[in-house]
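A.B. asks: Sequence:
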Amino acid sequence: MKLTDWAKECGDELGLDVTVERGDVDRILDITRDAAHRVARPAGPVTAYVLGIAVGRGADPAEAAKKLADLTARQQPEQG
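Each residue of the sequence shown is one higher than the one before, starting from 356 at the first, in my numbering.
Any given hint might turn out to be false.
What the hints assert, rightly or not - Label-pair distances were calculated between CB atoms; the ranges are: (1) 421 to 396: 18 to 28 angstroms; (2) 356 to 431: 28 to 38 angstroms; (3) 431 to 372: 37 to 47 angstroms; (4) 363 to 431: 36 to 46 angstroms.
Read the hints as simulated data drawn from the structure, not as lab findings.
Just so we're clear, the structure is a prediction, and the values are computed from it rather than from any experiment.
C-beta atoms are modelled at their ideal positions from N, C-alpha and C, and glycine is treated no differently.
Make the full structure from the sequences, and use the hints.
C.D. replies: Okay, structure coming up:
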């Protein structure tokens, strides 16, 4: 199943009108990967969650993801 389709199904389950483009999926996966590797593994999904809250409250997805990517890049990679 495509992740864009999965996002639509998740939205439907929650009664939300969700449209996710491939670029959105890539952005989410990138920020999740980077946070998991540079901060701590659990930081990946937490960062994606925070991004979702920001976008849900009206933030521009690309701008919010850029800010979080910049924050993540300033972190030291997780050891071990």
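A.B. asks: So, for every hint listed, does it hold in this structure?
C.D. replies: Taking the hints in turn, this is what the structure says about them:
1. 421 to 396: 18 to 28 angstroms: 23 angstroms, holds
2. 356 to 431: 28 to 38 angstroms: Cβ of residue 356 to Cβ of residue 431: about 36 angstroms, so the range 28 to 38 angstroms holds.
3. 431 to 372: 37 to 47 angstroms: Given range 37 to 47 angstroms: holds, Cβ gap about 40 angstroms.
4. 363 to 431: 36 to 46 angstroms: With Cβ atoms ~37 angstroms apart, the hint holds.
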